[in-house]
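A.B. asks: So the protein lines, in turn, are chains X and A. Just so you know, the first sequence maps onto residues 468 to 742 in my numbering. Just so you know, the second sequence maps onto residues 468 to 742 in my numbering.
Simulated from the structure, these hints should not be mistaken for laboratory data. Hints may be right or wrong, so weigh each one.
No distinction is drawn between identical chains; accordingly, a pair holds when it is met within one copy or between any pair of copies.
Lysine-lysine pairs mimicking DSBU-like chemistry, simulated, CA-CA at most 30 Å apart [stated by the list, open to error]:
1) Lys738 with Lys503
2) Lys738 with Lys680
3) Lys514 with Lys738
4) Lys659 with Lys503
Here the structure is a predicted model, which means the values were calculated and not measured.
There are 2 protein chains.
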Amino acid sequence: MNFQRTVFFVSDRTGITAEHVGKTLLTQFPDVNFRKRSLPFIDTVEKAGAARLEINNTALQEGRRPIVLSTLINEDTRAEIATADALCLDLFAGFISRLESELGLESSHALGLSHGMGNEVAYQIRMDAVNYTVSHDDGVSTDTYDRADVILVGVSRTGKTPTCIYLGMQYGIFAANYPLTPDDFVDHALPKPLVPYRAKLYGLTIHPERLTKIRSERRPGSRYASLENCRFETRAGETLLRQEHISILDTTTKSVEEIAISILYGAGLSKRIES
Amino acid sequence: MNFQRTVFFVSDRTGITAEHVGKTLLTQFPDVNFRKRSLPFIDTVEKAGAARLEINNTALQEGRRPIVLSTLINEDTRAEIATADALCLDLFAGFISRLESELGLESSHALGLSHGMGNEVAYQIRMDAVNYTVSHDDGVSTDTYDRADVILVGVSRTGKTPTCIYLGMQYGIFAANYPLTPDDFVDHALPKPLVPYRAKLYGLTIHPERLTKIRSERRPGSRYASLENCRFETRAGETLLRQEHISILDTTTKSVEEIAISILYGAGLSKRIES
């Protein structure tokens with residue numbers, strides 16, 4: 468049995484959706500070594516023909532047919548790909564027909580709008596939210612916390628910045644962050660700049676063993692990265708946040724997406740745009 | 468005929484994939500007003516039972532069954548949701564069985580790893596790449612351009628920052644950016660800090676009519692936002708980039724994802740991590 472297999476992600480747009488779904492599907496077969504190849508922006512029959520040729524050539528060279536995961540709305544391009552020498556799985560095809568009969572309507576067969584500009588207003592909100600996070604990263608200008616939808620609080624390297632950016636990029640949420648440093652633990656009270664914004668605060672924490680690994684990548688051998696200091700900071704941070712009745716999320720085993728979604732629902736934030 | 472319909476996105480993880488696919492599917496029915504409700508982290512049969520109850524209640528209240536788009540790997544939770552009074556479309560179910568027979572293997576039926584931490588190394592790379600972009604945004608510290616995989620060049624508000632962040636978040640790519648300002652057009656030559664990094668440069672441009680709208684949101688009535696100045700800056704920027712034989716992408720009608728993917732393939736960048 469041969470465990471290597473080539474997978475093509477074919478899409479009329481960016482291919483992001485096909486890759487997302489495909490990745491999850493393929494993790495269900497951990498013994499197979501999948502060679503992945505993306506073919507985005509296949510939005511004409513001509514380009515689909517070139518893609519089909521590449522898929523067929525791969526089948527010929529490897530002596531076994533590839534797997535094609537596609538997200539093609541247009542029926543002509545989909546038909547072109549479907550004739551390739553491959554196991555062709557289109558993520559939309561089956562669902563569109565089932566939705567058509569459920570809704571009693573014909574689908575528009577138009578190119579997907581997701582990952583497109585959508586409308587200019589939504590684009591503007593995303594841009595503004597991301598720019599907001601970038602320009603207010605790490606508490607540099609707390610005077611703009613009043614514009615924030617949420618303010619993430621936690622010690623250094625708990626995932627605040629990437630989470631803020633993800634919330635801005637996907638949902639247009641204005642997310643700021645405030646890094647807790649040892650100085651903040653002296654008074655056993657909420658840092659002054661945060662006091663007026665208590666209702667917007669959401670705490671992040673992390674296991675000290677994981678934190679010391681992350682910080683060691685950045686500053687190996689430093690006191691900042693030492694397990695002893697990481698234990699002190701996380702414990703002091705958690706104590707402070709609990710004492711102030713601020714929700715705390717443990718990010719140790721979570722991805723940025725999982726942290727973001729947990730905060731979105733945990734804090735009851737409203738998406739400013741559709742993701 | 469009633470054109471309102473409730474759609475549930477049910478997932479054992481973040482639900483991001485279900486929402487991505489669902490959004491594209493639903494845009495095919497522009498006449499229907501879909502009310503969207505996300506139910507993420509449905510990872511036990513008990514939670515699936517509660518979700519089923521909510522779906523059934525909605526069916527009862529609205530007098531028509533909702534649509535359920537799910538990404539559930541676990542068969543027990545999927546079976547629980549499948550009994551709900553709804554059109555249940557699971558994005559994985561059909562594909563897993565077809566992949567099983569194609570590969571001659573049984574799937575692991577384990578929870579999806581996508582949007583999970585995956586492995587710690589990948590997580591670290593993403594964090595580093597995003598932090599890199601944030602700390603080097605807008606050309607503030609050009610001395611670290613040697614670490615960059617790509618440096619985006621363009622006048623203000625062409626989409627450089629969100630694109631850099633997207634490249635970091637999704638692919639672990641170290642993306643820096645350099646904003647071209649009117650000062651850079653005086654010498655008709657590449658700005659000095661960029662000269663050693665010519666091979667890493669990728670240009671962004673935008674239609675002046677769109678740019679004036681974007682800039683007017685930020686600084687209404689300013690010279691910076693005026694159509695005349697936007698015309699001058701985009702033309703001067705494009706002339707400079709072309710003269711230096713740097714690839715130029717027009718971002719006017721593109722989403723951040725489309726810009727990022729176009730640069731990824733256009734510049735032949737290697738993903739440092741799987742998206």
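A.B. asks: Each hint needs a verdict: does it hold in this structure or not?
C.D. replies: Checked hints:
1. Lys738 with Lys503: between (33 Å within a copy, 12 Å between copies)
2. Lys738 with Lys680: Close across copies (24 Å), not inside one copy (34 Å); limit 30 Å.
3. Lys514 with Lys738: between (36 Å within a copy, 23 Å between copies)
4. Lys659 with Lys503: neither (51 Å within a copy, 39 Å between copies)
Figure legend: structure checked against the earlier numbered hints; the only hint not met is number 4.
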